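Chemist: Make a model of the complete structure from these sequences and hints.
Residue numbers (this note's numbering), protein chains in the order written: chain A, 1 to 299; chain B, 1 to 299.
Do not rely on the hints blindly, as some may be mistaken.
One copy or two, either will do: identical chains are not told apart, so a pair holds if it fits within one copy or between any two.
Subject to a maximum C-alpha distance of 16 angstroms in a straight line, what follows is the list of computed EDC-like cross-link-like pairs (lysine to aspartate or glutamate) [what the hints assert, rightly or not]:
#1 Lys-189 to Glu-224
#2 Lys-62 to Glu-224
#3 Lys-15 to Glu-224
#4 Lys-214 to Glu-224
#5 Lys-214 to Glu-294
#6 Lys-214 to Glu-292
#7 Lys-162 to Asp-133
#8 Lys-188 to Glu-173
#9 Lys-288 to Asp-165
#10 Lys-188 to Glu-224
#11 Lys-15 to Glu-83
#12 Lys-139 to Glu-85
#13 Lys-188 to Asp-165
#14 Lys-189 to Glu-173
These are calculated hints, taken from the structure and not from any lab test. Given the structure is predicted, the values throughout are model-derived calculations rather than measurements.
Number of protein chains: 2
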Amino acid sequence: MSVLIVGSTALDSIKTARAEVPRLLGGSASHAAVAASFFGPARLVGVVGEDFPARYLKLYRKHHIDLEGLRIAPGRTFHWSGEYEVNMNNRRTLATELGVFATFSPQLPESYRNSPFVLLANIAPSLQHHVLDQMRRPKYVVADTMDLWLNTALDDLLRLLKRVDGFVLNESEARQLTGEENLARAAKKIHRLGPRHVIVKKGEHGAILSAGGKLFVAPAYPLERVVDPTGAGDSFVGGMMGYLAGARGPVEGNLRRAMIYGSVVASFCCEGFGLTATTRTSRAAVEKRVKELESLTRF
Amino acid sequence: MSVLIVGSTALDSIKTARAEVPRLLGGSASHAAVAASFFGPARLVGVVGEDFPARYLKLYRKHHIDLEGLRIAPGRTFHWSGEYEVNMNNRRTLATELGVFATFSPQLPESYRNSPFVLLANIAPSLQHHVLDQMRRPKYVVADTMDLWLNTALDDLLRLLKRVDGFVLNESEARQLTGEENLARAAKKIHRLGPRHVIVKKGEHGAILSAGGKLFVAPAYPLERVVDPTGAGDSFVGGMMGYLAGARGPVEGNLRRAMIYGSVVASFCCEGFGLTATTRTSRAAVEKRVKELESLTRF
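Modeler: Printed below as a string of structure tokens:
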């Protein structure tokens with residue numbers, strides 16, 4: 001089954017202690033769609049400007065991503081630039097140029113409206129709502145977010161939480177949203193806001209799933225060298241949704257394994273700038289790391 | 001088989017956002033010995049002052065801890081006082097009164113010298129050396145440490161690392177010792193300093209074992225309420241060594257499971273001030289949480 005993915009489609013200029021790389025393909029939807037594409041068909045909803053390099057359209061196509069929902073609008077592509085410290089958990093945004101995203105209102109092609117799996121990747125909650133309004137009874141909807149929306153669009157986000165099956169956010173966002181330092185308690189509070197599946201991302205420490213009154217602790221794949229963590233969270237949720245859409249049986253029974261696949265795709269993402277490493281890997285390489293994670297956690 | 005444990009035996013005054021509790025039984029050796037006692041005989045090496053409450057000696061005895069190596073010296077017991085922020089990962093030391101620890105030089109009773117398992121719990125590396133000097137060919141030696149010794153006794157610590165089988169330290173100490181942000185690489189560098197087993201504690205995120213060229217990722221038992229994390233790291237390593245001493249077969253085959261048991265004992269430790277919750281639990285309750293951790297991590 002296919003996954004519809006809405007989110008940002010951007011050009012990222014990234015600086016680390018070791019290198020500086022301008023205008024790479026980035027954005028939450030780009031990372032999530034490439035991640036999902038390892039497991040089945042992905043449909044992209046987004047907007048880019050007239051400056052969007054043709055080679056990046058080619059890259060999407062190489063991954064068989066359906067681009068019918070990608071609009072090329074007059075103006076410039078959303079551009080983000082950021083810098084990482086030596087400890088890559090710390091980064092700061094140097095510039096955000098919204099470009100064509102400033103006036104974006106996603107219109108779904110007719111062919112997208114019955115997608116069974118919907119990933120509302122990180123983007124303004126109002127746009128996530130707008131996409132959901134156009135869907136016909138999707139089977140499973142997950143929303144991702146970021147601290148920006150907690151600060152600037154909390155009401156929209158809280159309304160959104162009542163419309164989704166799963167909600168993904170990182171540790172500090174979970175604490176901010178609930179006022180709870182303890183993540184197990186924070187997850188319980190988030191359930192009360194709507195979603196029956198709550199996933200808290202902890203970066204290099206993995207992720208936690210709270211579902212059906214139980215927790216699942218998913219490890220991160222341990223990497224010896226992190227080149228650029230940009231998009232790792234988007235890759236995680238994209239890989240997870242791709243795996244879920246491709247798996248048989250009810251979502252509940254596949255969710256843990258889906259998180260492991262998401263974790264593994266995110267590990268590849270971190271090994272190169274932007275999407276460089278993710279786009280170079282293969283389903284077989286993903287399977288190999290999933291097996292390694294099994295042996296890394298067995299006791 | 002029995003575990004010999006040397007470390008601090010202290011009175012801890014602990015302040016959290018919710019409560020303030022004076023002069024509890026604490027110290028690395030106290031936590032580690034009680035944790036080890038769930039799995040078999042533990043032998044304590046330490047010193048306390050004449051002010052040491054009789055009820056704490058009784059508490060040790062209730063856990064069948066061999067006290068032949070505990071000296072009661074003229075003077076006052078080592079006293080530590082500290083305060084936790086709402087986020088319990090942050091604490092600051094308010095006072096450290098060494099008391100009888102200032103001049104402590106551990107002398108092992110004859111009956112201790114052939115203990116097969118030796119835990120050099122957190123204490124000055126010179127004292128850890130001194131204990132090791134008195135041992136007769138122990139089967140398995142593990143040292144724990146803290147940032148203080150990296151800052152003030154690095155040479156002693158580096159010499160110690162050549163004498164131990166396993167070394168336990170926390171994330172930030174691993175980074176400080178090696179100058180490596182990445183923990184997998186930090187662990188590799190620590191192997192080159194001596195120990196064949198390197199365990200990096202990550203608090204609520206669990207712990208990592210590097211051994212035989214492979215990593216093991218041990219989860220922490222997720223708690224909804226942390227009352228006081230003081231001694232959790234000591235409980236972890238104490239529980240681990242206790243389990244190892246009680247298990248059949250080579251250490252290598254038991255180490256992962258031993259870390260899970262250590263993790264579980266540490267989770268009980270966090271649920272009460274000082275040793276309150278640890279001393280109230282039972283082997284059966286430990287086994288129950290180990291089973292829960294199995295189901296929490298299965299995918």
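Chemist: It remains to establish, for every hint, whether it holds in the given structure.
Modeler: Okay, the hints, checked on the actual structure:
1. Taking the shortest Cα distances, Lys-189 and Glu-224 sit within 16 angstroms of each other only across copies (12 angstroms), while inside one copy they are farther apart (35 angstroms).
2. For a Cα distance limit of 16 angstroms, the shortest separation of Lys-62 from Glu-224 qualifies neither inside one copy, at 29 angstroms, nor across copies, at 45 angstroms.
3. Taking identical chains as interchangeable, the C-alpha atoms of Lys-15 and Glu-224 are never at most 16 angstroms apart, the minima being 19 angstroms within one chain and 38 angstroms between chains.
4. With identical chains, the CA atoms of Lys-214 and Glu-224 are at most 16 angstroms apart between copies only, with a shortest distance of 12 angstroms across copies and 31 angstroms within one.
5. Taking CA atoms no more than 16 angstroms apart as the test, Lys-214 paired with Glu-294 passes between copies only; the shortest distance there is 13 angstroms, against 20 angstroms inside one copy.
6. For the homomeric pair Lys-214 and Glu-292, the shortest alpha-carbon distance between copies (10 angstroms) is at most 16 angstroms, but the shortest distance inside one copy (25 angstroms) is not.
7. For a Cα distance limit of 16 angstroms, the shortest separation of Lys-162 from Asp-133 inside one copy, 13 angstroms, qualifies, whereas the shortest one across copies, 65 angstroms, does not.
8. Taking the shortest alpha-carbon separations for Lys-188 and Glu-173, only the intra-copy value of 14 angstroms comes in at or below 16 angstroms, while the best inter-copy value is 33 angstroms.
9. In this assembly of identical chains, the alpha carbons of Lys-288 and Asp-165 never lie at most 16 angstroms apart, being 30 angstroms within a copy and 31 angstroms across copies at closest.
10. Taking the shortest alpha-carbon separations for Lys-188 and Glu-224, only the inter-copy value of 10 angstroms comes in at or below 16 angstroms, while the best intra-copy value is 34 angstroms.
11. Taking identical chains as interchangeable, the C-alpha atoms of Lys-15 and Glu-83 lie at most 16 angstroms apart only when both belong to the same chain, with a minimum of 5 angstroms there against 38 angstroms between chains.
12. Proximity of Lys-139 and Glu-85 under a CA criterion of 16 angstroms is satisfied in neither setting, with 41 angstroms inside one chain copy and 43 angstroms between copies.
13. For a Cα distance limit of 16 angstroms, the shortest separation of Lys-188 from Asp-165 inside one copy, 15 angstroms, qualifies, whereas the shortest one across copies, 42 angstroms, does not.
14. Taking CA atoms no more than 16 angstroms apart as the test, Lys-189 paired with Glu-173 passes inside one copy only; the shortest distance there is 13 angstroms, against 34 angstroms between copies.
Of the numbered hints given earlier, the model fails hints 2, 3, 9, 12; all others are met.
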